[in-house]
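Asks: Spelled out from the first residue to the last, the chains are:
Protein chains: 2
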Amino acid sequence: MKKFINKTDNFIIDSLKGFAKAHDDLVELNLDPIFVTRKKINSDKVLLVSGGGSGHEPLHTGYIGKGMLDVACPGHVFTSPTPDQMISAIEYCQPKNGVLFIVKNYSGDVMNFEMASEMISVDHQTVLTNDDAAVINSSYTSGRRGVAGTVIVEKVVGSLAELGGDLTACKKLGDKVNLYSSSIGAALSSCTIPAAGKPTFEIGDDEIEFGVGIHGEPGRKREKIKEASLIAEDMISVILKDFEEKSLNIKDSNGVLLLVNGFSGTPLSELYLIYNEVSEKFSAKGIHISRSMVGNYTTALDMAGASITVCLLDNEIKKHWDSAVMTPSLRWGNEDV
Amino acid sequence: MKKFINKTDNFIIDSLKGFAKAHDDLVELNLDPIFVTRKKINSDKVLLVSGGGSGHEPLHTGYIGKGMLDVACPGHVFTSPTPDQMISAIEYCQPKNGVLFIVKNYSGDVMNFEMASEMISVDHQTVLTNDDAAVINSSYTSGRRGVAGTVIVEKVVGSLAELGGDLTACKKLGDKVNLYSSSIGAALSSCTIPAAGKPTFEIGDDEIEFGVGIHGEPGRKREKIKEASLIAEDMISVILKDFEEKSLNIKDSNGVLLLVNGFSGTPLSELYLIYNEVSEKFSAKGIHISRSMVGNYTTALDMAGASITVCLLDNEIKKHWDSAVMTPSLRWGNEDV
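Chains A and B, in that order, are what the protein sequence lines are.
Using the numbering used here, the letters of the first sequence map in sequence onto residues 110 to 446.
Using the numbering used here, the letters of the second sequence map in sequence onto residues 110 to 446.
Don't take each hint at face value.
Which copy is meant is left open, because identical chains are indistinguishable; a pair holds if it fits in one copy or across any two.
Below are the DSSO-like pairs computed for lysine-lysine, each with C-alpha atoms no more than 30 Å apart in a straight line [said to hold, decoys possible]:
| # | residue 1 | residue 2 |
| --- | --- | --- |
| 1 | LYS148 | LYS428 |
| 2 | LYS335 | LYS126 |
| 3 | LYS116 | LYS335 |
| 4 | LYS307 | LYS285 |
| 5 | LYS126 | LYS428 |
| 6 | LYS126 | LYS427 |
| 7 | LYS390 | LYS116 |
| 8 | LYS360 | LYS427 |
| 9 | LYS111 | LYS350 |
| 10 | LYS148 | LYS427 |
| 11 | LYS307 | LYS205 |
| 12 | LYS281 | LYS427 |
| 13 | LYS355 | LYS390 |
| 14 | LYS330 | LYS111 |
| 15 | LYS149 | LYS427 |
I should point out that these hints are in silico values taken from the structure, not numbers from a laboratory.
Assemble the whole structure, with the sequences as input and the hints as a guide.
Replies: Now the structure itself:
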């Protein structure tokens, strides 16, 4: 294992300390228990709380700030945060208008966020993300996995909460964005958990794992690597079928948001190449891409690979996608608004 | 070699097409010869033109837009762009107030930008970046190499040019930012050029290349991997010595900009860990970090590794660093300004 690391046990703390210092205008780190909040807490808005195992950075800490999350609770690498993290963060923030938990659908996360929600007295709801169309049930999941679509949920609901949307409206919008989102990924390499010290799975020099999870969970098939154009074709098939099964019209005139997400070991040049393949094929099928994101937004430690996420945009989602956001890892729009 | 790629020969074109489509609100791609410009060209400002071999994305194309570059000319992977690319781009943009070339100090780039500048009639100047303190003379360089400090030059000079600074002032500021910047990197892995199909250099499972170049050029020493804290210590020594040799006071009260740059194969969590190490050590030495950037800004294909760049901030540099910028890969400040 080759990593920039001191002691394996301190990896997350050392990294979070650096994160908090690098962005000390935007965020604040609490160490015992571990949680990260906005620098300026607004207790009048619905408090958006997310979290999950570390190793997916910038998810979730990098999305804390105006127009997005209020709190993130990072667990150890690929390990759920514990309920005391969520509970302490909520006590610290003193929300007056409820808490919305945004949780990726992994059994450990679901259980621990549920435990936390049973132990707080403030109004709360949970949006469970499960945008990964690859497989149903997996190493750490019952049902579908939550992956990069979670970023879109956090951005869109973050905007509504910032503009004063109440808990019910935020929950409803979050569920809609999740339903309207569909993702599929492929790995070219495994990833290495620091404490394990060796790759999570073995993969041949000429193989890819199609439908891989963001912890290296198995996907749909192990196959020989082929041209990016053909991999993109397979990805699109999965997405189209998923929208069909959900009875959603991907050809809606409002268009879609296309997120090409890197798992962190794949260069930006290759992600743009995938974007090109998907956008050419979408264009041929009459699918209109009206918003785009290309980069490492939901990662899997050092894994080489990428996913695509398609989110159907209606007027409400589009408006909240476009609104100003100011976080360490997503930043656009007028900062004074 | 495992990459998301179709034909090796088309890699750069396929990737640039995706880039241009994903950011069609900001940039425009010309294919024959290849250059990328802003969507809205302002021929009244000093035209900032950069370029170089591909494989360092988001450098330079990702920095095209308001407050930064006007034009980027990408060559093949790790290969200089040819003079016709720069000449055609300048003809296309019709600048009325001169051209500033921002060129990383590699022999091929220097030669081809010089040839281009001899063949254009418009006023022009060149800022040559050579911020890499690792080595003097290298595989593709006489003198020091230009690396991630180039991003800071492009941002700061981009701001001055946007605000109406003339060619002489832009050249002077660019040279100052370059002088005030110092970088050093370390590789944990090699990188693979698509056309070569195999890693550029061999490196043992427990080794790092300290002082590596962004094309995998040799650095100062090949050594056993050690704790990140110790690697950071070595990096800081190089930077401090460089500032000393330049007779610049790194402890100036205005503080420094610290950029922790990933070469693309290293996860964000590790980059933040390096940031933490450097910032703790700087703090102990009385060096004040007043601005920070952590991410993949100047990459080396799929190389695992990272560099640190320190730029001394005077009032002028700080003002232009903070000003609004709107490009695919750097974006902050008020977009309406």
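Asks: All hints, please: hold or fail.
Replies: Hints, verified against the model:
1. For a Cα distance limit of 30 Å, the shortest separation of LYS148 from LYS428 qualifies both inside one copy, at 26 Å, and across copies, at 24 Å.
2. For a Cα distance limit of 30 Å, the shortest separation of LYS335 from LYS126 across copies, 20 Å, qualifies, whereas the shortest one inside one copy, 41 Å, does not.
3. In this assembly of identical chains, LYS116 and LYS335 lie within 30 Å of each other by CA distance solely across copies; the values are 11 Å between and 39 Å within a copy.
4. In this assembly of identical chains, the alpha carbons of LYS307 and LYS285 never lie at most 30 Å apart, being 39 Å within a copy and 45 Å across copies at closest.
5. In this homomeric assembly, LYS126 and LYS428 come within 30 Å of each other (Cα to Cα) only across copies, at 27 Å, whereas the closest approach inside a single copy is 34 Å.
6. For the homomeric pair LYS126 and LYS427, the shortest alpha-carbon distance between copies (25 Å) is at most 30 Å, but the shortest distance inside one copy (34 Å) is not.
7. In this assembly of identical chains, the alpha carbons of LYS390 and LYS116 lie at most 30 Å apart only when taken from different copies (18 Å versus 46 Å within one copy).
8. For a Cα distance limit of 30 Å, the shortest separation of LYS360 from LYS427 inside one copy, 15 Å, qualifies, whereas the shortest one across copies, 47 Å, does not.
9. Only between protomers do LYS111 and LYS350 lie at most 30 Å apart by alpha-carbon distance; the minimum there is 28 Å, versus 40 Å within a single protomer.
10. Taking identical chains as interchangeable, the C-alpha atoms of LYS148 and LYS427 lie at most 30 Å apart whether they share a chain (27 Å) or sit on different chains (23 Å).
11. For the homomeric pair LYS307 and LYS205, neither the shortest alpha-carbon distance inside one copy (46 Å) nor that between copies (58 Å) is at most 30 Å.
12. Within a single copy, LYS281 and LYS427 get their C-alpha atoms as close as 15 Å, which meets the 30 Å cut-off; across copies the closest is 44 Å, which misses it.
13. For the homomeric pair LYS355 and LYS390, the shortest alpha-carbon distance inside one copy (21 Å) is at most 30 Å, but the shortest distance between copies (54 Å) is not.
14. Taking CA atoms no more than 30 Å apart as the test, LYS330 paired with LYS111 passes in both settings, with 28 Å inside one copy and 17 Å between copies.
15. In this homomeric assembly, LYS149 and LYS427 come within 30 Å of each other (Cα to Cα) both inside a single copy, at 27 Å, and across copies, at 24 Å.
The earlier numbered hints that this structure contradicts are 4, 11.
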